[in-house]
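Visitor: If you want the building blocks of each chain, they are given just below.
Protein chains: 2
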Amino acid sequence: MNNKSYQAHHSSFGAYASFLLGKIGQGGGFSLSDVRSPNKNIYIGYKNRMMNLLPFANLDFGNKLAEFGLEASENKNDEKINLFNEDSIEREMKWASDSWKAGDLSFKIYSPFDKVKDIDTLTKEEKKLLLAPGFIGEITLDNSNNPGEAEIIFGMQLDENARLLSDNDEFSLLGGAVDTRYGFGCEASEEIQENIDWMTLLEMMDKKSPLLNKLGNEVVLRIKVKPYSKKTMHFAFATYQGGNITSGIKSKFAYTELFEDLEEVMEFLLKNKDYYINICDSKDKELEESKLNEYRKFLIAHSTHSYYANTELLLDKDNKYLWVANEGEYRMMNTFDLTVDHLHWEMKYHPWTMKNSLDLFVDRYSYDEGVKDLEGKKYKGGISFTHDMGVANMFSPKAYSSYERSNLSGCFGYMTAEQLVNWVLCGAVYALNAGDNEWVNNNLDLFDKCYESLLARDLNDDGIIDTDSLRCGTGAEITTYDSLDISLGQARNNLYLAVKTWAAYVCMEDLYNKLGKNEKAMEMQQKALNLCDSLVEKFDVNEKYIPAVFESGNESRIIPAIEGLVFPYVIGDKDAVSEDGRYSKLVKVLKAHLDTILVKGICLDPVSGGWKLSSTSNNTWMSKIFLCQYAAEDILNMDFTEEEIIEWDRVHAFWQTVPCNEQCATDQVHSETGKDLGSRLYPRLVTNILFMK
Amino acid sequence: MNNKSYQAHHSSFGAYASFLLGKIGQGGGFSLSDVRSPNKNIYIGYKNRMMNLLPFANLDFGNKLAEFGLEASENKNDEKINLFNEDSIEREMKWASDSWKAGDLSFKIYSPFDKVKDIDTLTKEEKKLLLAPGFIGEITLDNSNNPGEAEIIFGMQLDENARLLSDNDEFSLLGGAVDTRYGFGCEASEEIQENIDWMTLLEMMDKKSPLLNKLGNEVVLRIKVKPYSKKTMHFAFATYQGGNITSGIKSKFAYTELFEDLEEVMEFLLKNKDYYINICDSKDKELEESKLNEYRKFLIAHSTHSYYANTELLLDKDNKYLWVANEGEYRMMNTFDLTVDHLHWEMKYHPWTMKNSLDLFVDRYSYDEGVKDLEGKKYKGGISFTHDMGVANMFSPKAYSSYERSNLSGCFGYMTAEQLVNWVLCGAVYALNAGDNEWVNNNLDLFDKCYESLLARDLNDDGIIDTDSLRCGTGAEITTYDSLDISLGQARNNLYLAVKTWAAYVCMEDLYNKLGKNEKAMEMQQKALNLCDSLVEKFDVNEKYIPAVFESGNESRIIPAIEGLVFPYVIGDKDAVSEDGRYSKLVKVLKAHLDTILVKGICLDPVSGGWKLSSTSNNTWMSKIFLCQYAAEDILNMDFTEEEIIEWDRVHAFWQTVPCNEQCATDQVHSETGKDLGSRLYPRLVTNILFMK
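Just so you know, the sequences run in chain order E and C.
Taking the working numbering, the leading residue of the first sequence gets 232, the next gets one more, and so forth.
Taking the working numbering, the leading residue of the second sequence gets 232, the next gets one more, and so forth.
Isolated chain E (complex conformation) (with noise of 0.2 Å):
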């Protein structure tokens, strides 16, 4: 990992907000109800002889005396400022943290995550450390072998106009706000002194006394540090987004029911930083201390933040939680084919979040609708869920997302059979592994109509789905991977659909086992055997491989065929995925096809080595990558080197730490050269968390 430039996600549970840091001359700064960095000068260092700062800032005063109608000459201080370059820092991205080493100077900011017990049980203590909008930032200068006295920088540049915390004489704090939405703060103590003003950082170069432009947007503390001592100081960054914050269903963020407002958050926060720190700290060695090679810890850790900055948990007007995991870039809410690979995480640390966006697309984003042949004949349909539950704070109306329109066939097209299969697969999952009775009983109802449309869908009765929703107008659905080729982007008669959709039956044959619903079980089992027999059924014998789509002579190879063995083998079904097993037959077939297809020139992108999903696209989404690399190693015991898969995992370490290097994780990345091609900033990539055993 000698990259050390790029952006990253630093953030709490829940806030819909982060702070954006590390991409070298980009800035970054806060961003609250969006992920994307507002690109403004972060201005973290210390001053002895000279002015030393992460390379965060752009320093280009010339241009900044000019926006004010002054002269460049009249300012050298550009000279008296070393940013430290590349070769001069140290980067460590951990679990939940990410800091720098540069100089005498060290600075770390610690994303806490943790496991987290039903929202509903915890206490108002447990809530408000769990919620509180905010993270703590640690600053150390070791100033031993200086005979003098040096100082810690610490500042940013923030909205057009900014305040001093100190202005708020309620609370004990030192630092920089946004009116009431965000800012960072440290504890008042006498050594440290505020700045506020335009361009703070060049004003302050050669002044003893305070800047005190309150119409500034600057703020700067300088900290003393004394001769032959070192320091080390807390932060809190926080974030407050006070009021109704959503439309459609109306709610407010959940922590505005715990904390006043911005102020009270940072208190908290740096109260209790004792704690934060000792979790990610824990957090931070359970990652270390794993067998992973270093591609895999980093790559789990970036999408870890990546993921985090996008969740948000509101309380609507009833005091229920609603869980909303936002997309990235795009901003969809819930987005269910994101679910359905959120999964893996929240099963692992809070199964009730998965549990509360099951219930919102049973109770408001159901619908149920006929389908239509290849010819337009109408069937009776059934049950499915929207693709997603609205964007950007705008919940949809109910039984519609914000993505899907009538009568397209490409992206924006309908999901329908895909959700259907999605909601089968995370409710199987939830249920079988969470424990959770009372929802199971509650949800049985919802299996069955599930499992009814799944059959409506399907004219042939091979178990494949071979209809369109009627709500696809004259076009057709699609699926998750809509800005693939056809290969992957086509729902009718799909290869990777059809493995999911067997993953579905053998989920629900294990449910209704563990229910001593024997009956229903086998007739699960029946389907899923019928759907294991077409399948291998349409295996090209010659060239060893099984067509992306069954249909128009398609010949395409794709990866995420094996998808959908990841299902069964996560409730411990490890018969389901076994060439010993009751569906070995197609098991062996997926070997055999993942064997064809996974070498150079095919779904191996020949210039870079990486995972490309199809060998019709150069389109090639890391979060299925790392989904398929687990199935393949691990459901599927592909033989793969040791070298191999650190030279895999190093190519997409790579793609995300230089070609993605200004989005934080990115998804969607071009095959050849790592370029993100779209998904920036996205929650997805989680699904490598399968990779921690």
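No lab work stands behind these hints: they were computed from the structure.
Nothing here was measured: the structure is a model prediction, and the numbers come from that model.
Just so you know, nobody snuck in bad clues.
Chain copies aren't distinguished; within one or between two, either way the pair holds.
Dumping the calculated DMTMM-like pairs for lysine to aspartate or glutamate here, alpha-carbon to alpha-carbon at most 20 Å:
#1 LYS548 - GLU491
#2 LYS548 - ASP398
#3 LYS481 - GLU495
#4 LYS481 - ASP400
#5 LYS548 - GLU488
#6 LYS924 - GLU520
#7 LYS822 - GLU768
#8 LYS629 - ASP568
#9 LYS483 - GLU401
#10 LYS629 - GLU401
With chain E fixed as given, assemble chain C onto it according to the hints.
Guide: Same frame as chain E, but now just chain C:
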């Protein structure tokens, strides 16, 4: 008034939100907690044989298509759209409305305002009518002569993501909104089709069925109009900023206690549309029927629109109302040297807002500080008030403004003396004209303190303030005219401020007389007479003017020497400002002064002919020109010809509608060209309410 292309604010009382429209080609849209135009496309027009739109949209579809990776050649729709040009439009900016006519279309925005009784005495329903954050738009299509069906087109580009109002089934509204914060809507009807997409106007050109891309940011309504008929539609334009909105003093918008959300506001506005339209019609008529020339009518209307866009009524944690007039592009809150200019407006329409500001200045934004003479020797000082109460919804700390800083002698210096005089003037005018005896009795000690403070600032006992506050440090006090040259910028020994100081003594003289405190009244009269003598002594009998600053041989000629005359006049003390009254010497000298300087090349710009506040600066301020025109015409009875006055007014109106036409009411302009130099989107120009008899 030939110019029709200028941006204007449209808003309601105290919502600190507006809808901007009017500059051709610039677009417009909603501005919240700000007054700047987002310059988004606004689509208002109709479709019969072709699409006809008012020219408030940028229809460069080539560029738009390129953003989405499409080629311009794919679409030639721009050829089917007629954007009316300036010549084919009629525009009428009236006092409480703004309207456009073009082709078969008329569109009108109503911005209601009227006298407002003390907010604490209003019923809930009266409060709702007053504070509903929004207003009515009216569109009429005259299809009487058309044998075919036509469509009214009404829509706009909103934020990155938007929603349809029909998505919320609790209300029967159609239109568009951005999450919970702002939007436009009308009553639902079968004849209206809602469209949402990224390039809605472009995409819907050749379509019959509605566009329903819920990820879109453009909402456009199509409203059927039958052949040979005429149709009028009403829209609500509404905003909603929930939660605590200010820091420093924690407060929320007063309307949030009355309305739950945006839709409730819209529904209320539409239900009460006749009430609002009647108010506006009546105000429009009142201005229309006044004897003022067309330029003055326009200037009053335009200024009123920008004033209300800057108003903000808050409710603090103790349910106390707080009034804030924000400062245009600078966003400072209750800037006192604007308050004293808003005085005339607020005394006429809502004197309780003036009281509210004065009280907060006393309670939180007053301070007591010593003074220094030119040599730096320190003396006892006295009470004064801060320049402002904060910026951008951030109340500044007790006793400090966001603007003032130590050790400066120009912009951002202290305005201690000026704000002291301003409190006395506002306080006395409120006390005498509002008939609020309780307030007068509560504040008698404040007038005493202010009197003592005035005395303390006059070391040589000639009545003229000749000291600087110790808060200045090494700097010196400035006046409101911060960006002009020293002729108006320096507070010490300044003619403009000296006449205002005289006015302060006169107003206190009248106040004490009214209260039967004759001894005190006589004391004030003595101070006023003394100051009167001192100023008369400064009159240069050869050159027939009083120099702007009584230091360093200053020879600037300034119009605002006469500004102070307004205050005794508005409290009805005609004697004080009469050539035959007790201060006749001063009044005569000021008249002679104005007569001398109001010539081309001195205080009339030699190129434009407009009023130029200072002979030595090209920066001239509209708000102050109006005030001084009023003093010259109504108080000094200068023998201007009707033609002269109309020509001056024509120039001043031209400045607003051509060189400043992107910036709504603009205060600081270049006297030669009328180009904006600062103070854009400004509330202060309502000094011209004095023109309305």
